[in-house]
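Here is how the chains run, residue by residue.
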Amino acid sequence: MNLKKSSSPNQIKTPSSIEPPNSQLPPKVAALSSTEWLKANLFSNTFNSILTILSTAAILLIIRGLLSFIFNPLRQWSATATNMRLLMTQAYPEHQYARIWVSLGFLLFLTGVSLAFWRAARSVLISQVGKRLLAIGAFILLVTLLAPFSDRATIIWLAIGVFIAGTGFLLKSAQEDKTISSMTLLSGTFLLAILSLWVIPYGHHSYISTRTPKILAEPGTVAMTTKLPWTIMLAVTICSYFLGSLIRDKIDESKGKALLSMTWLISPLFLLFLVLRDPDFDTGHLFSTDIPIFLFFSIVGSLLLLWLTNPDIGEKGRVISTAVLFVGFATFLFQMLMIVRILTLVLAFFALAAPTFSGQKPARIRYTKVWIGTMVILCWLITAINTPSTAKVPGDFFIGGFAITLMIFFFTMVLAFPLGVLLALARTSKFPIFRMVSTTFIEFIRGVPLITILIFFSVMVPLFLPDGMDLTEIAAVTIAFIIFEAAYLAENVRGGLQSVTRGQHEAAEAVGMTNAQKTFFIVLPQALRVAIPPMVGQIIATFKETGLLAIIGIFDFLYIARSVIPGQTEYMGSTRENLLFVSLVYLVICFAMSKASQRVEKRVGLGER
Amino acid sequence: MTENETASSIRGDRDLANAQDIIVCEGVSKWFGDFQALNNVSATIKEQEVVVVLGPSGSGKSTWIRCINRLEQHQEGRIMVDGVELSNDLRNIEKVRSEVGMVFQMFNLFPHLTVRDNISLAPIWVRKKPRAEAEEQASSLLERVGIPEQADKFPGQLSGGQQQRVAIARALAMEPKIMLFDEPTSALDPEMIKEVLDVMKELALSGMTMMVVTHEMGFAKEVADKIMFMEGGQIVEIGTPEHFFTNPTEERTKLFLSQIL
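One line per chain: the protein sequences are A and B, in this order. Heads up, the first sequence is in numbering that gives the first Met the number 0, so the first residue is 0 and it goes up one at a time. Heads up, the second sequence is in numbering that gives the first Met the number 0, so the first residue is 0 and it goes up one at a time.
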């Protein structure tokens with residue numbers, strides 16, 4: 000016993016005497032000189048040297064091939080440039096184009112404020128920026144030497160490359176600790192790009208239908224309809240960022256973030272169906288039908304939910320909410336407005352969830368407020384969608400091109416996510432019927448190629464619909480995307496659910512939580528955090544899969560580039576140029592998404608275990 | 000020894016003889032597959048009593064304590080907790096669970112919530128307390144377990160001992176009548192065991208009904224009113240600490256004590 004006691008203080012002391020004091024930093028590893036770096040990383044042995052030489056040759060060949068394709072005088076790049084509006088929005092009427100800019104401006108405003116609220120800015124070392132610029136400059140020089148430019152162009156590009164590399168070289172030797180915000184860098188880059196629209200003579204095309212060559216290249220800078228809106232967009236984004244940083248310090252940050260997230264979810268719907276589609280509201284119908292329905296559901300629903308969220312309600316509440324659910328299903332047996340059926344079902348859902356969120360007065364009022372908010376949004380949207388649009392567009396949908404790609408992507412993600420979570424919960428549930436239905440659904444959907452599902456929904460489903468029910472092709476394929484992605488997301492979420500330990504379930508049960516509370520407050524938040532990396536992969540894949548719309552003949556981004564533009568008499572055989580442009584856009588967006596997701600992963604990892 | 004005497008003198012104030020029975024087990028048996036984990040366990044625990052369950056590993060201590068708030072289901076016999084019999088009726092189980100606090104060996108704090116939210120979540124959503132009141136209660140409970148300054152940290156940022164104290168505060172936030180401790184110090188480093196045991200002692204002195212599965216013999220000697228010794232899924236011996244540690248009747252108890260002391 001004595002021996003142990005005397006030895007234990009020694010044991011505690013020894014490590015502290017060996018370890019360096021806290022203030023001492025680890026020794027700096029001397030940076031390799033460039034020749035040493037080359038030797039260590041590229042030419043460390045014969046085999047590696049051969050590999051290095053071969054791959055360098057291959058890369059140079061590929062760059063040269065690509066450049067000679069791009070800068071070949073035969074290329075009709077004007078096909079892409081003159082058809083930009085078609086590529087982006089298809090036949091959206093020109094005189095209403097301000098609506099597009101307003102929508103984009105609002106989204107950019109949200110982006111700016113969100114960047115400020117989520118503190119996206121990082122400080123970057125200026126010497127690091129210098130290194131990056133030096134590399135970019137060197138790359139431009141290399142590319143210029145490889146490209147089949149005219150002498151004049153070569154000299155201009157060489158000058159640009161030397162200028163960038165020189166700036167980089169100067170910045171590289173800046174003081175060690177000088178930093179710059181990444182937002183300043185980003186806005187500076189965009190500012191230069193927009194400025195170039197006003198200064199550099201890119202040229203533009205004029206279209207006059209009475210002239211013999213209808214389309215004619217004009218010298219000078221790009222058209223006013225391009226450079227002016229983009230300048231305003233940049234100003235909006237930068238201003239909203241500063242506005243966001245100002246507001247951030249004044250209000251409760253977490254509330255601001257919640258509000259922003261809600262706006263991100265809801266605003267695309269409003270922009271699409273109220274701003275872009277511009278419904279031609281019929282005042283008489285509005286006051287005789289739509290507003291009374293809204294008032295009825297908000298008032299009756301609020302009273303019902305206030306009563307149901309009473310903690311002492313007990314069994315009576317469950318009976319009443321189940322009755323509402325049956326009424327909701329029964330509405331489909333009778334002739335009535337679709338909006339009434341939908342709202343009754345939503346009310347039933349809120350009623351069934353009421354016991355989970357029951358509590359004292361503030362909690363009950365909050366729940367009722369959520370109900371009224373849902374009613375406002377749902378009634379407004381359903382009414383807007385059922386009203387004819389002022390935008391007179393050929394075809395059955397008012398927008399196309401890149402806009403419809405984005406729209407279908409947005410709806411797929413927003414609706415597939417909750418559906419996927421529900422499927423995952425059902426698949427891991429204790430009830431065999433839920434488990435069976437969900438497993439069958441997931442395995443069936445995952446066993447069928449997406450294109451088959453898309454064709455099935457665009458061709459077959461409209462034929463099977465009952466009389467009086469109408470589904471546009473766009474709605475049908477969106478549903479197809481939703482169920483397909485939901486099945487995959489469900490598997491990702493299921494992985495997350497299984498990673499939540501048994502101890503967490505037990506701890507939640509031991510404090511008396513109901514199953515719903517345990518799932519909502521304890522299990523799902525942890526499961527979704529684990530599922531973020533695979534889900535982001537799935538989201539990026541979904542964005543790329545929207546390209547399949549082209550195959551079933553929807554006027555999406557890819558279809559216009561591949562079939563519509565090459566069909567114009569002026570631009571026959573311009574498919575490759577358009578496809579190269581389309582792939583560049585997809586590449587930029589997917590790369591940005593995957594970069595952003597890496598940062599999100601890092602952030603949610605904070606304070607995890 | 001002086002500490003011991005003060006403890007027992009404070010505990011002596013309670014009238015255990017006239018206290019109500021709060022946990023009653025009658026012939027409880029449980030099997031995991033073919034393996035019988037509990038074999039006809041019968042015992043009664045009175046209000047304000049502190050019971051320590053001892054026994055070698057695999058003797059069914061944890062299984063028994065987990066049956067009392069139905070984290071495990073017993074297959075034979077009856078368990079009554081505060082007058083409510085545990086059955087498959089969900090409402091009974093939720094009622095019992097909100098009156099029985101439990102502290103786990105591995106803490107099982109919710110890693111995605113701050114310490115304050117860990118404590119106030121169940122009072123808000125199960126007890127339906129207003130948020131402000133629940134958070135105030137969380138602060139005072141953290142004060143009680145001695146870590147008021149950690150309220151805004153995440154569990155992952157705390158030491159093991161601090162985490163276990165938060166877990167105790169989380170269980171206390173439901174204002175339970177009974178506290179179950181399932182080997183609360185087994186996953187802790189030796190220097191952190193004392194801080195957790197001190198909190199448990201304070202709790203015992205305040206008159207909480209406690210059932211503790213532990214290997215801390217010092218705690219059992221000092222704080223327990225009753226010691227139950229289990230082996231092979233059966234209760235072998237029940238007695239006061241004096242009786243148990245100085246003069247055990249059963250052969251198996253003597254063997255167990257000779258191995259650990």
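What the hints contain is simulated information worked out from the structure, not anything from laboratory work. Just so you know, even glycine gets a beta-carbon here, dropped at the ideal spot from N, CA and C. Errors might be hidden in some of the hints.
Some chain A residues close to chain B (C-beta under 7 Å, calculated; not the full set) [as the list claims (entries may be wrong)]:
(1) Q359
(2) A515
(3) Q516
Example chain A residues on the side facing chain B (calculated, C-beta under 10 Å, incomplete) [unchecked claim]:
(4) G502
(5) A507
(6) P524
For the restraint on A515 of chain A, tell me whether the closest CB of chain B is nearer than 7 Å.
Nearest chain B Cβ about 10 Å off; hint violated.
Interface hint check: A507 of chain A, Cβ to nearest Cβ on chain B, cutoff 10 Å. Holds or violated?
At 8 Å from the nearest chain B Cβ, A507 of chain A passes the 10 Å test, so the hint holds.
Does the interface hint hold: is P524 of chain A within less than 10 Å of chain B, judged Cβ to Cβ?
holds, 5 Å
Mind checking the CB of G502 of chain A against every CB in chain B and telling me if the closest is under 10 Å?
Since chain B brings a Cβ to about 4 Å from G502 of chain A, closer than 10 Å, the hint holds.
May I ask you to test the interface hint for Q359 of chain A with respect to chain B, counting a Cβ-Cβ separation under 7 Å as satisfied?
Cβ of Q359 of chain A sits 5 Å from chain B, so the hint holds.
Q516 of chain A as an interface hint toward chain B, with CB separation required under 7 Å:
holds, 5 Å
Going down the numbered hints, you'll see the structure goes against just number 2.
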